[in-house]
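Work the whole structure out from these sequences, hints included.
If you read the protein sequences in the order shown, they are chains A and B. Sequential numbering of the first sequence, starting at 1, is according to our numbering. Sequential numbering of the second sequence, starting at 1001, is according to our numbering.
Be aware that one or more of the hints could be misleading.
[To be verified] What the simulated footprint calls covered on chain A by chain B, stretch by stretch (three residues with Cβ under 8 Å from a Cβ of chain B suffice, anywhere in the stretch; the number is not a length):
(1) 62 to 72
(2) 160 to 170
(3) 226 to 236
[Unchecked claim] Okay, derived cross-link-like pairs now, DSS-like style, lysine-lysine, Cα gap no bigger than 27 Å in a straight line:
(4) Lys1044(B) <-> Lys1057(B)
(5) Lys19(A) <-> Lys57(A)
(6) Lys1305(B) <-> Lys213(A)
(7) Lys155(A) <-> Lys305(A)
(8) Lys155(A) <-> Lys1213(B)
(9) Lys1044(B) <-> Lys1305(B)
(10) Lys1057(B) <-> Lys1019(B)
(11) Lys305(A) <-> Lys1213(B)
Keep in mind that the hints were calculated from the coordinates and are not lab data. Here the structure is a predicted model, which is why all the values come from computation and not from measurement. Just so it is clear, CB atoms sit at the ideal spot from N, CA and C, and this is done for glycine as well.
Number of protein chains: 2
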Amino acid sequence: MLDDYHLMYETYGTLNAAKSNAVLVCHALNASHHVAGFYAEDPKNVGWWDNMIGPGKPLDTEKFFVIGVNNLGGCFGSTGPASINRRTGKAYGSSFPMVTVEDWVEAQARLADRLGIERFAAVMGGSLGAMQALQWAIAYPQRIANSIVVAAAPKLSAQNIAFNEVARQAITTDPDFHGGDYYAYNVLPRRGLRLARMIGHITYLSDDAMMEKFGRSLRSGSINFHFDVDFEVESYLRHQGDKFSEYFDANTYLLITRALDYFDPADACGGELARALAPATARFLVVSFTSDWRFAPERSREIVKALLDNRADVCYAEINASHGHDAFLLDDARYMALVRAYFENVAAECCAKKTA
Amino acid sequence: MLDDYHLMYETYGTLNAAKSNAVLVCHALNASHHVAGFYAEDPKNVGWWDNMIGPGKPLDTEKFFVIGVNNLGGCFGSTGPASINRRTGKAYGSSFPMVTVEDWVEAQARLADRLGIERFAAVMGGSLGAMQALQWAIAYPQRIANSIVVAAAPKLSAQNIAFNEVARQAITTDPDFHGGDYYAYNVLPRRGLRLARMIGHITYLSDDAMMEKFGRSLRSGSINFHFDVDFEVESYLRHQGDKFSEYFDANTYLLITRALDYFDPADACGGELARALAPATARFLVVSFTSDWRFAPERSREIVKALLDNRADVCYAEINASHGHDAFLLDDARYMALVRAYFENVAAECCAKKTA
Chain A
1 MLDDYHLMYE TYGTLNAAKS NAVLVCHALN ASHHVAGFYA EDPKNVGWWD
51 NMIGPGKPLD TEKFFVIGVN NLGGCFGSTG PASINRRTGK AYGSSFPMVT
101 VEDWVEAQAR LADRLGIERF AAVMGGSLGA MQALQWAIAY PQRIANSIVV
151 AAAPKLSAQN IAFNEVARQA ITTDPDFHGG DYYAYNVLPR RGLRLARMIG
201 HITYLSDDAM MEKFGRSLRS GSINFHFDVD FEVESYLRHQ GDKFSEYFDA
251 NTYLLITRAL DYFDPADACG GELARALAPA TARFLVVSFT SDWRFAPERS
301 REIVKALLDN RADVCYAEIN ASHGHDAFLL DDARYMALVR AYFENVAAEC
351 CAKKTA
Chain B
1001 MLDDYHLMYE TYGTLNAAKS NAVLVCHALN ASHHVAGFYA EDPKNVGWWD
1051 NMIGPGKPLD TEKFFVIGVN NLGGCFGSTG PASINRRTGK AYGSSFPMVT
1101 VEDWVEAQAR LADRLGIERF AAVMGGSLGA MQALQWAIAY PQRIANSIVV
1151 AAAPKLSAQN IAFNEVARQA ITTDPDFHGG DYYAYNVLPR RGLRLARMIG
1201 HITYLSDDAM MEKFGRSLRS GSINFHFDVD FEVESYLRHQ GDKFSEYFDA
1251 NTYLLITRAL DYFDPADACG GELARALAPA TARFLVVSFT SDWRFAPERS
1301 REIVKALLDN RADVCYAEIN ASHGHDAFLL DDARYMALVR AYFENVAAEC
1351 CAKKTA
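What follows is the structure, given as structure tokens:
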């Protein structure tokens, strides 16, 4: 239970009079409400899906009113473990409640209420964001016309959970973690968070993509017989880990990975995903990437199969891409053209519509 | 440089008069010289390849004289970082020299000299052990009749190195690591070693095998909304990590993963593996496992291709097995029958042979 909470969000474009052109973009593990564009005072801080979202882009902010929201429990402005609990005057820390994908969708629905948006033209996300797009279609079928589910799985596999668990163990066994209440000690469990990010990063990239990007290239041209950086890939991972541990909150990392682990809409329906998706009335676009081994195409096909079993309206595309899970964030002409074409149909359907 | 060193080894079976029936079994990351059987005083401590090696087993110790050796730098009796440096009276710790696959083969060759074995009937290994079997064929073509290369790669990929690097970072950033000289502080970097083992374990198993073994099974039957163990796979990984961190030396883990990273016999030949393997005159058996994503069948085929380019005598088998990299240690009727048949041929060739 939380007495109250803030949600940090950003909007792009203009909500039309009918309020029928709103698109909610849900973020994955490490991203935020800042989905596109940049701030005048900080031009280098470009939104995480800026190649997808903006004026004239596949999700065209000249047509759509796009909302990015930092999820509850996050560390980019929404209430999370690092926020001050007004009851105690201290950071929530370990007392912050667990959050689930369902909670996030609830909170996003309340945000939509505040903005006067009864029905989204689309809810869209990749990875964990796609799970939210799926949950929207289940929980609020009347409030979502299209669900765009990119690089997703209907639930984590044992291997997925295992990687999350190692990341969490890295954080919680860091001596600076202090049971989650490190804020009071003026330290941060940076070592653990850094390792968590390094592990995560490996799973976002394919073996082929890493081979192409780094191969066995050596930093100094030769092997130095030490445990410092020899290979470029080591330098890259350390840099990613260092950077991440400077800006991300470790408790948020724990919460989000746990929400990922727990998401399993079919569980309440005896494991039958089609039954779980039965309430959905949205149209679906499901996209997967061939080299994604974190959420492989087979996992997306489970979703497609369940939707087809329900005779839902679903487009499915399997993009031949070498970049692994990260492909959902990268430019690929076919992927971009597909999303663009899909949104053109959504625009034709939703944006011109008058209020009922 | 080391002034001297010990190698711990075990032998099984009887060296024949011609000394032509010796088989060297090389270990991978976490194993030892104790490849088969058990000790009278410790019947539960069964050798790591006991299903493969023993009387009447595929590598039949009634025919062959089998040698298991703990590699230089190890922590099971051979000289390693935890050993006392006689010059200082203290553990080597961070001053222990880096060791390579080439060094191990050198040291094993010296052991063979001591045992009076001029030529091995076979050198055999899985994973990192297979790299040693490969290096034997390159470095000592006259001293090895057969090279048995199981679940191998001719060099690590960027992803392989990346996983090793995260494991090493977990160890070296553990506050109890003390730059590798933790022995002097009466502590062990257990947290780091535990994480390293957890990461490793995920890569030894396939996604399918983990799904089959653990699925999303819950320890207590329901989700508890905490960061303690909820899923069986979490319990398994923690247990594996805890156990390992009790008996394995962290510095040895660092050394061995670095030896893995560095091994790349083709590097000195302009990246041409066939040229690197050109000196080899041994017969080869190369075995891979379909679900092994750590060293996938494609990696074994690189070795086979290079051997065929050299018109070497090579048998290759790709075993349809679901257990991932670990499959090389597990019973599989086809795999076992294959190795048995191969060794029957080796026995016919080597064991009956008279001294020249």
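Hints, one by one, checked against the model:
1. Only residues whose C-beta sits within less than 8 Å of a C-beta in chain B count toward coverage, and the stretch 62 to 72 of chain A has 0 of them, not enough to reach three; the restraint is violated.
2. With 8 residues having a Cβ less than 8 Å from any Cβ of chain B, the stretch 160 to 170 of chain A passes the three-residue criterion, so the hint holds.
3. Chain B is given as covering the stretch 226 to 236 of chain A, and this holds because 6 residues of the stretch bring a CB closer than 8 Å to a CB of that chain, at least three being needed.
4. The suggested pairing of Lys1044(B) with Lys1057(B) holds, with an alpha-carbon distance near 19 Å, which does not exceed 27 Å.
5. Simply put, Lys19(A) and Lys57(A) have alpha-carbon atoms about 21 Å apart, close enough for the 27 Å limit, and the pair holds.
6. A threshold of 27 Å between alpha carbons decides the hint, and for Lys1305(B) with Lys213(A) the separation of about 25 Å falls inside it, so the pair holds.
7. Using a Cα cut-off of 27 Å, the hinted pair Lys155(A) and Lys305(A) holds, with the two alpha carbons roughly 14 Å apart.
8. Pair hint Lys155(A) plus Lys1213(B) holds up; C-alpha atoms about 17 Å apart against a cutoff of 27 Å.
9. A threshold of 27 Å between alpha carbons decides the hint, and for Lys1044(B) with Lys1305(B) the separation of about 41 Å lies outside it, so the pair is violated.
10. Of the pairs offered as hints, the one joining Lys1057(B) and Lys1019(B) holds, with about 21 Å between alpha carbons and a cut-off of 27 Å not exceeded.
11. As the CA atoms of Lys305(A) and Lys1213(B) are separated by approximately 25 Å, the hinted pair is consistent with the 27 Å bound.
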